[in-house]
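Novice: Sequence:
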Amino acid sequence: HVLDSDLDPRQKHHLEQVQTASKALLRLLNDLLDYSKVEAGRLELEQAPFEPARVAGAVGDLFLLRFEEKGLVWRMDQDPALPRYVVGDAFRFNQILVNLVGNALKFTEQGQVTLTMELAGDTGSSVVVRTTVRDTGIGMTPEQRARLFTMFSQGDSSTTRRYGGTGLGLAITRRLVSLMGGDIEVESAPGEGAAFTFTARFQHVCEDAAPLARTDDLPKQVPRDLSERARPLRGMPVLLVSDAYDRMADVVNWLTAYGLTVTHAGSGRQALEWVRRQPFNGVMMTPDLPDMHGHEAIRLIRAHLGRTSPPFIVLTDARPVGHDRTDEVDGSLQHLAMPVEPVVLVDSLLRWVGETAGGGVLPTAGQGLDDARCEQLAQLLAEFESALCCNRLSVKDTADHIQTIVAGTAAAESFQPVADAVRSLKSREARAALATFRRLVPRVNETHGQE
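The opening residue of the sequence shown carries number 127 in my numbering; numbering runs sequentially from there.
Accuracy of the hints is not assured; some may be wrong.
Label pairs and their computed distance ranges (CB to CB) [unchecked claim]:
hint, residue 1, residue 2, range
1, Glu269, Gln236, 21 to 29 Å
2, Pro209, Gln404, 47 to 55 Å
3, Gly250, Ala375, 34 to 42 Å
4, Arg273, Ala429, 55 to 63 Å
5, Ser393, Asp309, 41 to 49 Å
6, Ser393, Arg273, 44 to 52 Å
7, Glu399, Gly361, 16 to 24 Å
8, Val388, Gln329, 32 to 40 Å
9, His430, Gly361, 19 to 27 Å
Note that these hints are calculated values from the structure, not bench results. Even glycine gets a Cβ: it sits at the ideal position worked out from N, Cα and C.
Take the sequences, apply the hints, and build the full model.
Specialist: Right, dumping it as structure tokens:
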């Protein structure tokens, strides 16, 4: 990434401004498209069975890391009388919740955000679900509340400068709620937080549709501790190769939510250019690239990088005949069927750092390093890898670095003792060191002929 290259403070500041502006422009364009569809009456709601509680839980998981970073408490309460399954548009229901929970998170610096769902009515053929998102944030004045749902409107100009946003999210939310046969209102006072409450009407799941709503046919509930288990992935650079970026939106959202750094390539040739420029912990791609098949792109990358080639995940609409989920013993090539669920995605990514989502770190096979020494090791490895990738090290420099690293890992002479020691620890730095060392050992051997 260009922001991670050698830039002076002025250059970095300007690039960060460009990045911030481009992200804001992209949000604005997406919001405008949604708004124009609603206003033109071209937005039609889907009608399919879904589980409201699962959608709400996924929204909570999406923001969980940001709640943790701000030190906020996230709570979700559900009325036991609420039907497990209803018929409606799960995507737009999710969009409403993301807008409201995202706003609550943005304007809350301490305390908590609570999402409550309850049954507000049942006619026998349809149900009304009332949802409230309550926060302990900065609150609003009556004047601010009066213009809250107006297009391009926020609390005031200082709110826009401090917190950002387009002023379209709540305007879109109100129209989506209206399409769902409901209403939305807000209660708030300055310094006392805010509570957004909306209703939405859904149809009951009829007997003919019931099989679609069986638990084994629906995505599994994301475990509440999935974010915690995904901590080793934070900061991991990943290359996503696909020309259908809109189809990958959910994947990108999950990757970024769990702290990975995502770089996008639109073709096999672009992917090859990226891996030549910088190292990645892994590559994810769709098979139907515009210039070549995904497996051909993998072959070219492996041919170029040799033993330093990263592992790959191929995202397919259906699992290819003859392919298991993990095609190679070392897990360097996996196939995942789309749409992929977060728990499956995290489990697959954790294979890249020698872990599984079901049980945390691998069993201990040795001791010898404490967290402090592993942090030092991680720093050494990061500096070493950066210099090695940029060809800034001579053979003597490389030997000196290896000697320092080996001395810092209890005189380990191969990867296995280092892996065993690092696996016995739970720090993020230790796991980062393990993943980096695994990549670097074959790279050094290949570059300098050392076995």
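Novice: For the range 16 to 24 Å, tell me whether the beta carbons of Glu399 and Gly361 fit it or not.
Specialist: For Gly361 against Glu399, whose Cβ atoms are near 23 Å apart, the range 16 to 24 Å holds.
Novice: Between Gly250 and Ala375, does the C-beta distance stay in 34 to 42 Å?
Specialist: holds, 37 Å
Novice: Note whether the CB distance of Ser393 and Arg273 lies within 44 to 52 Å or breaks it.
Specialist: Given about 46 Å between the Cβ atoms, the range holds.
Novice: When you take the CB atoms of Ser393 and Asp309, is the distance between them in 41 to 49 Å?
Specialist: holds, 47 Å
Novice: If I claimed the Cβ atoms of Arg273 and Ala429 lie 55 to 63 Å apart, would that claim hold in this structure?
Specialist: holds, 59 Å
Novice: Take the C-beta atom of His430 and the C-beta atom of Gly361, compute their distance, and say whether it sits inside 19 to 27 Å.
Specialist: Taking Cβ atoms as reference, His430 and Gly361 lie about 25 Å apart, which means the hint holds.
Novice: Would you say the C-beta atoms of Glu269 and Gln236 sit inside 21 to 29 Å of each other?
Specialist: The hinted range 21 to 29 Å holds for Glu269 and Gln236, with Cβ atoms some 25 Å apart.
Novice: Could you check the hint for me, namely that Val388 and Gln329 are 32 to 40 Å apart, CB to CB?
Specialist: holds, 37 Å
Novice: Range hint 47 to 55 Å: satisfied by the CB atoms of Pro209 and Gln404?
Specialist: Because 50 Å falls inside the window, the suggested range holds.
The earlier numbered hints are all upheld by this structure, with none contradicted.
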